[in-house]
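Engineer: Chains as they are written, first to last, in numbering that gives the first Met the number 0: chain R, 0 to 125; chain L, 0 to 125; chain F, 0 to 125.
Honestly, the hints are just simulated from the structure, not real lab data.
There's no promise every hint is true.
Since the list gives no way to pick out one identical chain from another, each pair is judged satisfied if it fits inside one copy or across any two copies.
[Claimed, not checked] In silico DSSO-like links for lysine-lysine, alpha-carbon gap of 30 Å or less:
hint	residue 1	residue 2
1	Lys112	Lys94
2	Lys11	Lys55
3	Lys11	Lys94
4	Lys82	Lys94
These numbers come from a predicted model, not from an experiment.
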Amino acid sequence: MPLIRVSLQAGKPAGYRQAIAENIYESLRETFNVPENDFFATVDELEPRDFLYDPKYFNIERSDDLVLIQMTVSNTRTVEQKKALYRRIVERLAKDPGLRPQDIFLNLVEVAKENWSFGNGEAQYA
Amino acid sequence: MPLIRVSLQAGKPAGYRQAIAENIYESLRETFNVPENDFFATVDELEPRDFLYDPKYFNIERSDDLVLIQMTVSNTRTVEQKKALYRRIVERLAKDPGLRPQDIFLNLVEVAKENWSFGNGEAQYA
Amino acid sequence: MPLIRVSLQAGKPAGYRQAIAENIYESLRETFNVPENDFFATVDELEPRDFLYDPKYFNIERSDDLVLIQMTVSNTRTVEQKKALYRRIVERLAKDPGLRPQDIFLNLVEVAKENWSFGNGEAQYA
Numbered sequence: 000m001p002l003i004r005v006s007l008q009a010g011k012p013a014g015y016r017q018a019i020a021e022n023i024y025e026s027l028r029e030t031f032n033v034p035e036n037d038f039f040a041t042v043d044e045l046e047p048r049d050f051l052y053d054p055k056y057f058n059i060e061r062s063d064d065l066v067l068i069q070m071t072v073s074n075t076r077t078v079e080q081k082k083a084l085y086r087r088i089v090e091r092l093a094k095d096p097g098l099r100p101q102d103i104f105l106n107l108v109e110v111a112k113e114n115w116s117f118g119n120g121e122a123q124y125a
Numbered sequence: 000m001p002l003i004r005v006s007l008q009a010g011k012p013a014g015y016r017q018a019i020a021e022n023i024y025e026s027l028r029e030t031f032n033v034p035e036n037d038f039f040a041t042v043d044e045l046e047p048r049d050f051l052y053d054p055k056y057f058n059i060e061r062s063d064d065l066v067l068i069q070m071t072v073s074n075t076r077t078v079e080q081k082k083a084l085y086r087r088i089v090e091r092l093a094k095d096p097g098l099r100p101q102d103i104f105l106n107l108v109e110v111a112k113e114n115w116s117f118g119n120g121e122a123q124y125a
Numbered sequence: 000m001p002l003i004r005v006s007l008q009a010g011k012p013a014g015y016r017q018a019i020a021e022n023i024y025e026s027l028r029e030t031f032n033v034p035e036n037d038f039f040a041t042v043d044e045l046e047p048r049d050f051l052y053d054p055k056y057f058n059i060e061r062s063d064d065l066v067l068i069q070m071t072v073s074n075t076r077t078v079e080q081k082k083a084l085y086r087r088i089v090e091r092l093a094k095d096p097g098l099r100p101q102d103i104f105l106n107l108v109e110v111a112k113e114n115w116s117f118g119n120g121e122a123q124y125a
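Assemble the whole structure, with the sequences as input and the hints as a guide.
Structural biologist: Structure (structure tokens):
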């Protein structure tokens, strides 16, 4: 059910990009009770001039390795679960592919459970 | 008012991609009472390594022709209308450009009516 | 906290694209009380066949210079603030990079304050 959108500057190997998406999925499994195999993600590589960020907002020192991660999820999680998700994503991406915690920007977009169809035109969660 | 975002693997002809967007619009017209000519859509072609999905989640057999469709709409529709939309999109895309029902992933993001401006800096639906 | 997504047809100079993103940020500063340096944006250039719009919806005459702007923000603003944002974006983009008001399409996606992490795995606004 999550739809994961990863945006980063162009130039990283495909395995690096895939590791980001897969570890986000694993983090969602661990903290949001996302079902096994519920994995859908896109990765957008952007030129530096099309990937704009402040390098110090909130006193966090960002580099050009910044990754913007936007996840659309159902609106059924608590604030504590969201905090656990953020921590877990940063832990996992620090290990693989080796991102700095400062370079991980996260955003959740929440939707109703009936706002998904995983195929066949059915609203599987409604 | 809907903003349609279509993501799929690169390699399909432009007409194929355009048929997807146009038939989503027609389905929104038929089930969500979207006004005539309210058609705004982007199509993102991604390399296979940047387009990640589980080929069997929910026991649905997906292929590399999978299309991820994210539609931002106003929050004024019922669950029944959403179900009708999903069914209609699958019917239409099965005919043109000929998608398998298993390869159609749908997600709705809902926003308030005043969250749109169609030009001139006015909130036309507020 | 806003995450700005700009989509437009390919072919404009980098400075033109950057001016759009930066003036959206300045408009958010002026009308939404966005903190200084809270600037994160992506720009997607699309081929004409992947950038679909109606040239007359709502009796607004759009050109191929149309820009689709989707902003994810916290759900703390009034309708009046939203209207002020739309007006301000159009004023600013008319000056730099010189967009026609008819060519500015705006959409806000609202999320809870705890739905953001700006780095380090913390929910800075929770």
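Engineer: Indicate, hint by hint, whether the structure satisfies it.
Structural biologist: How the hints compare with the structure:
1. Proximity of Lys112 to Lys94 under the C-alpha cut-off of 30 Å is restricted to the inter-copy arrangement: shortest distance 28 Å between copies versus 32 Å within a copy.
2. For a Cα distance limit of 30 Å, the shortest separation of Lys11 from Lys55 qualifies both inside one copy, at 23 Å, and across copies, at 28 Å.
3. Proximity of Lys11 and Lys94 under a CA criterion of 30 Å is satisfied intra-copy only: 16 Å inside one chain copy versus 36 Å between copies.
4. Taking the closest pair of Cα atoms, Lys82 and Lys94 come within 30 Å of each other only inside a single copy of the chain (19 Å); across copies the shortest separation is 41 Å, beyond that limit.
Of the numbered hints listed earlier, not one is contradicted by the structure.
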